[in-house]
Amino acid sequence: MLRVSYLLALKGKDVWSVDPDTPVLEAIRLMADRHIGALPVVRGRELLGIVSERDYARKVILMGRSSADTPVRDIMTSPVTTISPDEAVHNCMEIMTQKRIRHLPVVDRTGLVGMISIGDLVKAVIEEQQQTIDHLERYIAS
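By the UniProt record's numbering, the letter at position 90 of the sequence shown is numbered 90, and the numbering carries on one by one without gaps.
Honestly, the hints are just simulated from the structure, not real lab data. Just so you know, not all the hints are guaranteed correct.
[To be verified] The list that follows gives simulated cross-link-like pairs (lysine-lysine, DSS-like), each with its CA atoms no further than 27 Å apart:
#1 Lys99 with Lys13
#2 Lys99 with Lys11
#3 Lys11 with Lys123
#4 Lys99 with Lys59
#5 Lys123 with Lys99
#6 Lys123 with Lys13
[Stated by the list, open to error] Here are the simulated distance ranges between beta carbons:
#7 Ala57 with Glu94: 22 to 30 Å
#8 Leu136 with Arg102: 30 to 38 Å
#9 His35 with Asp134: 25 to 33 Å
#10 Arg45 with Arg65: 24 to 32 Å
#11 Val125 with Pro23: 21 to 29 Å
#12 Asp33 with Ala57: 25 to 33 Å
#13 Ile118 with Pro79: 15 to 23 Å
#14 Arg138 with Pro20: 47 to 55 Å
#15 Gly111 with Glu137: 22 to 30 Å
#16 Ser142 with Pro79: 50 to 58 Å
#17 Ile133 with Met63: 31 to 39 Å
#18 Glu137 with Met63: 14 to 22 Å
Ideal Cβ placement from N, Cα and C applies to all residues, glycine included.
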């Protein structure tokens with residue numbers, strides 16, 4: 001069974017984040033530049049929330065706020081659902097489905113260590129299934 005730690009090892013542990021006082025416009029630019037859909041909101045090592053493109057659409061655009069004048073803390077989702085690196089990939093998919101979220105910050109005893117998306121999980125499950133198929137085909141052929 002695949003674990004989150006395996007995904008982080010594959011994708012790397014680089015985590016882009018923003019301070020709660022960062023203007024939303026800067027956060028959206030960072031997401032666009034890095035091709036990511038959400039950013040953890042941190043102060044030091046403390047995870048305070050998460051801001052996503054969905055937050056932006058619902059809490060800035062639809063409410064007529066200014067992206068340049070609104071700080072991330074005003075639109076971030078908090079508290080944040082988190083997982084540990086030891087969490088099973090299938091459990092993460094259940095969490096995301098139940099909570100209708102697309103990103104999960106990964107934390108351990110030291111703090112934020114990574115971020116996974118629903119895309120990361122789907123890719124990992126497909127890879128795992130392909131390995132199982134390959135194994136079974138080799139077994140049948142032998």
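Verification of the hints:
no.: 1; hint: Lys99 with Lys13; verdict: 24 Å, holds
no.: 2; hint: Lys99 with Lys11; verdict: 24 Å, holds
no.: 3; hint: Lys11 with Lys123; verdict: 11 Å, holds
no.: 4; hint: Lys99 with Lys59; verdict: 19 Å, holds
no.: 5; hint: Lys123 with Lys99; verdict: 20 Å, holds
no.: 6; hint: Lys123 with Lys13; verdict: 17 Å, holds
no.: 7; hint: Ala57 with Glu94: 22 to 30 Å; verdict: 25 Å, holds
no.: 8; hint: Leu136 with Arg102: 30 to 38 Å; verdict: 32 Å, holds
no.: 9; hint: His35 with Asp134: 25 to 33 Å; verdict: 30 Å, holds
no.: 10; hint: Arg45 with Arg65: 24 to 32 Å; verdict: 29 Å, holds
no.: 11; hint: Val125 with Pro23: 21 to 29 Å; verdict: 37 Å, violated
no.: 12; hint: Asp33 with Ala57: 25 to 33 Å; verdict: 18 Å, violated
no.: 13; hint: Ile118 with Pro79: 15 to 23 Å; verdict: 20 Å, holds
no.: 14; hint: Arg138 with Pro20: 47 to 55 Å; verdict: 52 Å, holds
no.: 15; hint: Gly111 with Glu137: 22 to 30 Å; verdict: 43 Å, violated
no.: 16; hint: Ser142 with Pro79: 50 to 58 Å; verdict: 52 Å, holds
no.: 17; hint: Ile133 with Met63: 31 to 39 Å; verdict: 48 Å, violated
no.: 18; hint: Glu137 with Met63: 14 to 22 Å; verdict: 54 Å, violated
Violation of the numbered hints given earlier is confined to hints 11, 12, 15, 17 and 18; the remaining hints are satisfied by the structure.
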